[in-house]
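Participant: Residue numbers (the working numbering), protein chains in the order written: chain A, 1 to 110; chain B, 111 to 224.
Please keep in mind that the hints were generated in silico from the structure rather than gathered at the bench. Positions of the beta carbon are idealized from the N, C-alpha and C atoms, including for glycine. There may be inaccurate statements among the hints.
[To be verified] Short derived list, chain B residues pointing at chain A, Cβ under 7 Å: (1) 143; (2) 165; (3) 167; (4) 171; (5) 210; (6) 212; (7) 215.
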Amino acid sequence: QQKVQQSPESLIVPEGGMASLNCTSSDRNVDYFWWYRQHSGKSPKMLMSIFSNGEKEEGRFTVHLNKASLHTSLHIRDSQPSDSALYLCAASHYAQGLTFGLGTRVSVFP
Amino acid sequence: GGIITQTPKFLIGQEGQKLTLKCQQNFNHDTMYWYRQDSGKGLRLIYYSITENDLQKGDLSEGYDASREKKSSFSLTVTSAQKNEMAVFLCASSPGLGSAETLYFGSGTRLTVL
């Protein structure tokens, strides 16, 4: 069973719309959550990270974290075609590498 | 800034063959990783290394060996390639191994086994 579960598997969003992605860890030792973005044929790049309860906003991207439920979500507002990519959630805790989920593939259509 | 260079970009092998993938980084990072990505899906950790000559197994280490002879380089060996195997192998590095460390990825080696 995946330690990091992401949903949905894929998402189609109209240009200008909102994309909402979910991620939950089953490992109670994690203390950091990450969102990486991978455009087709490219390598993953870190998008945002969060370690405390609440919300963090960077431009059109907002990340939420609920540490009690080990659930994080990523929201993309005013989605653009350039946001079309595979979004990978990852969880980490001290002295171990990141554990990634299977990803959510986002397609933004004009 | 820095860069992670993976060689080769494409690797075609035969069933049962031993294949080696190489990774170099000039970030001067302590920690390096090898991940496998199947069919554009999530990443699974094969091996990581927190310093020169250190090796730690990830969840997917069976069938692989790794080597970290220098701080800047980390190689991965597929000990016996499986027929019809296709995957992208991604090398990454980070300053350390703490929870808060960002990973920087290379562009990958795409493996096809005939």
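Participant: Report holds or violated for the interface hint on residue 171 (chain B), using the least CB-CB distance to chain A and a cut-off of 7 Å.
Facilitator: Violated - the Cβ of residue 171 (chain B) stays beyond 7 Å from chain A, reaching only about 12 Å at its closest.
Participant: For the hint on residue 210 (chain B), does the least C-beta distance to chain A fall short of 7 Å?
Facilitator: Holds - the Cβ of residue 210 (chain B) comes within 7 Å of chain A, reaching about 6 Å at its closest.
Participant: How about residue 212 (chain B): closest beta carbon in chain A under 7 Å, or not?
Facilitator: The hint holds - residue 212 (chain B) has a Cβ within 7 Å of chain A, the shortest such distance being about 5 Å.
Participant: Have a go at the residue 215 (chain B) hint: is there a Cβ in chain A nearer than 7 Å to its own Cβ?
Facilitator: It holds, given that the least Cβ distance between residue 215 (chain B) and chain A is near 4 Å, below 7 Å.
Participant: Is the interface hint satisfied for residue 165 (chain B)? The criterion is a beta-carbon contact with chain A at less than 7 Å.
Facilitator: 12 Å, violated
Participant: Could you check if residue 167 (chain B) really has its C-beta closer than 7 Å to a C-beta on chain A?
Facilitator: Status violated, d = 11 Å.
Participant: Under 7 Å is the threshold here; is the Cβ of residue 143 (chain B) close enough to any Cβ of chain A for the hint to stand?
Facilitator: Since the shortest Cβ distance to chain A is 6 Å, the answer is holds.
Violated hints for the displayed structure, listed by number in ascending order: 2, 3 and 4.
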